[in-house]
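A.B. asks: Below are the chains, spelled out letter by letter.
There are 2 protein chains.
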Amino acid sequence: MVIDMKRIGKNVIECEKDVAAVSFAAVGGKKEAEGALGTYFDTTFTDSYFGKESWEKAESLMQSEALNLALTKGNIKDREVDMLFAGDLLNQCISSSFAARSLNTAYLGQYGACSTMAQTIIMAAISVESGAADTAAAVTSSHFCTAERQFRLPLEYGGQRSPSAQWTATASGAVIIKRDKNSPVKIKRMCPEKIIDLGVKDMANMGAAMAPAAAETLTDFFNDTKTSPKDYDRIFTGDLGSIGSSLLYELMAKNNFDLAPYHSDCGVMLYDIKLQDVHAGGSGCGCSASVLCGYILNEMKKGSLKKVLFCATGALMSTVSSQQGESIPGICHLVEFERN
Amino acid sequence: MVIDMKRIGKNVIECEKDVAAVSFAAVGGKKEAEGALGTYFDTTFTDSYFGKESWEKAESLMQSEALNLALTKGNIKDREVDMLFAGDLLNQCISSSFAARSLNTAYLGQYGACSTMAQTIIMAAISVESGAADTAAAVTSSHFCTAERQFRLPLEYGGQRSPSAQWTATASGAVIIKRDKNSPVKIKRMCPEKIIDLGVKDMANMGAAMAPAAAETLTDFFNDTKTSPKDYDRIFTGDLGSIGSSLLYELMAKNNFDLAPYHSDCGVMLYDIKLQDVHAGGSGCGCSASVLCGYILNEMKKGSLKKVLFCATGALMSTVSSQQGESIPGICHLVEFERN
Chain A
1 MVIDMKRIGK NVIECEKDVA AVSFAAVGGK KEAEGALGTY FDTTFTDSYF
51 GKESWEKAES LMQSEALNLA LTKGNIKDRE VDMLFAGDLL NQCISSSFAA
101 RSLNTAYLGQ YGACSTMAQT IIMAAISVES GAADTAAAVT SSHFCTAERQ
151 FRLPLEYGGQ RSPSAQWTAT ASGAVIIKRD KNSPVKIKRM CPEKIIDLGV
201 KDMANMGAAM APAAAETLTD FFNDTKTSPK DYDRIFTGDL GSIGSSLLYE
251 LMAKNNFDLA PYHSDCGVML YDIKLQDVHA GGSGCGCSAS VLCGYILNEM
301 KKGSLKKVLF CATGALMSTV SSQQGESIPG ICHLVEFERN
Chain B
1 MVIDMKRIGK NVIECEKDVA AVSFAAVGGK KEAEGALGTY FDTTFTDSYF
51 GKESWEKAES LMQSEALNLA LTKGNIKDRE VDMLFAGDLL NQCISSSFAA
101 RSLNTAYLGQ YGACSTMAQT IIMAAISVES GAADTAAAVT SSHFCTAERQ
151 FRLPLEYGGQ RSPSAQWTAT ASGAVIIKRD KNSPVKIKRM CPEKIIDLGV
201 KDMANMGAAM APAAAETLTD FFNDTKTSPK DYDRIFTGDL GSIGSSLLYE
251 LMAKNNFDLA PYHSDCGVML YDIKLQDVHA GGSGCGCSAS VLCGYILNEM
301 KKGSLKKVLF CATGALMSTV SSQQGESIPG ICHLVEFERN
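So the sequence lines, in the order shown, correspond to chains A and B.
Reminder that position 25 of the first sequence reads as 25 in the working numbering, one-by-one numbering, no gaps.
Reminder that position 240 of the second sequence reads as 240 in the working numbering, one-by-one numbering, no gaps.
These aren't lab readings, by the way, just hints derived from the structure by calculation.
One should not assume that every hint holds.
If several chains are the same, the list does not tell them apart, and a pair holds so long as it fits within one copy or across any two.
Claimed, not checked - In the DSS-like style, the derived pairs of lysine-lysine whose C-alpha atoms are separated by at most 25 Å in a straight line are:
hint, residue 1, residue 2
1, 306, 230
2, 6, 77
3, 73, 10
4, 306, 201
5, 254, 10
6, 181, 6
7, 188, 301
8, 302, 52
9, 10, 77
10, 188, 52
11, 230, 302
12, 230, 201
13, 6, 188
In isolation and in its complexed conformation, chain A is listed as follows (with noise of 0.2 Å):
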């Protein structure tokens, strides 16, 4: 008998039907390269415009190498793909768009912001467990110097960067997702969440903004399960960077978590903080999806990670927003994966 999703509790979703990130690659520019996980990228590229005339077609083009490499390696024709769930930073989520333009698979644009990842993945995860597609893919990007010009200050005026400013990722994920019982990897219990928001209006503080959604989803999704920190090999979050991962083992500690022994943000894993630059750590759509693509995922295929919480933060303002006195909204969805 088939059997359908399970809900547990108000937030967390169960998987059922052995639903399994079967492939996956990481792709990233040379400041990754250059970082903590440089090791583990698929393909990275040296030049921040990939040999495109601009860095927004330099972005598309990260996205579209990422897919096709999570393909390849998977053994998965594109055709093969029923539905394609993509996103990134950029004002009508262009990157993807413009790289899903030559793929022959139904388009479903997702935006949450640096939580991207984890959503496009909670819903490939949801097509397939629902019948809707076979075979699904997740993917997002950022790029440095779209996300900057874009949400900051034109590169060539050198603007100063504040201390707990975080560093946008030049960088790309991607996961094909489908039934497989064989696959390894398996997509076990997910939890997307609700917009967090305390009233913190400072843009070059986002860990601030977002580390009290990921106390939330975290809190909501331990008590749902009634699990704790200490029964996963590891809790990652992404990207909370330096202050805002401190930030969060306060609040989870109010919440009687101690969650410190157990974390890792992806923001601060990606760079080698000291002497890289990047003051906070690492922040975008492409963050925590390489970590995720690069890192974590190989990590588990080979083993040395069975029980795993990704956690992907964003933060869900614009320029506009900020300019009208807004405060940042917040946001953090979980994925579980699990090794067999």
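Following the hints, put chain B in place on chain A, whose structure we already have.
C.D. replies: Just chain B now, kept in the frame of chain A:
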């Protein structure tokens, strides 16, 4: 036995579990209230600011209003909604995220430009079908003033509009979706689709950019389901406008389908095109959303329409992609509604 969704052919998904549009609401502005479908709106506002200090905040309020009205009409509490799928045209989808901020519901931002209403419904239906959500909501909005200043010119500039230009609707629509055997309007089949880009670059002629995507989706759907236009009471596109609709008829004729007698376009229906100076018709995520939630679903509930195709079209470009010389990628997602 619980049955999965079925895939039909390459593109179509068939719902199996009495997934119903149990409640819906449409909200609009002054021009929309004075338009051809004015009496179908649940609420209309006469001031473009809706009492808020910015148009962006007004648009966000409009989404909240549409969702709250749909919930109230369906006697559904907001805490019963497990997943909210919402989208709009603004950079980083702020109308949606700021509207969702006050809700205790998982938020999944969607971006499909003017096709977003069909996309949100597809995602909500898949989530309900899979068991990931018992109740899901689909909401989109657009606002003439927020869209003009973001995509075109400051309103104060009083720029001349091209004859092929469409008028972004100030409107929002919301649908609540859940399994309900007794609710009359069911979601029967869906067709999420690929991007089609034939190289149109004119941002003032979106109808021409999107018509090929509508033709592709309708042709795929008719072929996969072995049906033709005459099998449906009405086939609605949103929003090709008058120019895009004519192009669609030509393209469908090449595929041997006579569409015109069975077709209406939401952008043509919403306004009195001659009297209201909207040139080629309405557009924007809120246009097809409000025609669906105001006119179409109400007529289905009454029984005057029984089998309907709702095909929302989107243009997935940004001002940056157009400034960089890119053409406009079009997309069209289809939802088939059927009355019991």
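A.B. asks: Can you tell me if residue 188 and residue 52 fall within 25 Å by alpha carbon in one copy, between copies, both or neither?
C.D. replies: For residue 188 and residue 52, neither the intra-copy (39 Å) nor the inter-copy (44 Å) Cα distance is at most 25 Å.
A.B. asks: Check residue 302 against residue 52 for me: Cα-Cα at most 25 Å, and say if that holds within a copy, between copies, both or neither.
C.D. replies: The answer is neither: 35 Å in one copy and 55 Å across copies each exceed 25 Å.
A.B. asks: Which holds for residue 181 with residue 6 at a C-alpha limit of 25 Å: within a copy, between copies, both or neither?
C.D. replies: Both: 19 Å inside a copy, 20 Å across copies.
A.B. asks: Checking an output row: residue 306 and residue 201, CA cutoff 25 Å. Within, between, both or neither?
C.D. replies: neither (38 Å within a copy, 49 Å between copies)
A.B. asks: For the identical chains here, do residue 188 and residue 301 meet the 25 Å Cα criterion within one copy, between copies, both, or neither?
C.D. replies: within (15 Å within a copy, 39 Å between copies)
A.B. asks: From the Cα coordinates, with 25 Å as the cut-off, is the pair residue 306 and residue 230 best called within, between, both, or neither?
C.D. replies: within (13 Å within a copy, 55 Å between copies)
A.B. asks: Up to 25 Å between alpha-carbons, please classify residue 230 paired with residue 201: within, between, both or neither.
C.D. replies: Neither: 33 Å inside a chain and 55 Å across chains, both beyond 25 Å.
A.B. asks: How would you label the pair residue 230, residue 302 (within, between, both, or neither) given a Cα cut-off of 25 Å?
C.D. replies: within (21 Å within a copy, 56 Å between copies)
A.B. asks: Are the CA atoms of residue 254 and residue 10 at most 25 Å apart within a copy, between copies, both, or neither?
C.D. replies: Answer is within; shortest intra-copy Cα gap is 21 Å, inter-copy 51 Å.
A.B. asks: With identical chains treated as interchangeable, where does the CA-CA distance between residue 6 and residue 77 reach 25 Å or less: within a copy, between copies, both, or neither?
C.D. replies: between (31 Å within a copy, 21 Å between copies)
A.B. asks: Please work out whether the CA atoms of residue 6 and residue 188 approach to 25 Å or closer within one copy, between two copies, in both situations, or in neither?
C.D. replies: both (11 Å within a copy, 23 Å between copies)
A.B. asks: As a check of your reading, is residue 73 near residue 10 (CA-CA no more than 25 Å) within one copy, between copies, both or neither?
C.D. replies: Answer is between: at 24 Å across copies they meet the 25 Å cutoff, but 37 Å inside does not.
Violated hints, in rising order: 4, 8, 10, 12; the structure is consistent with all others.
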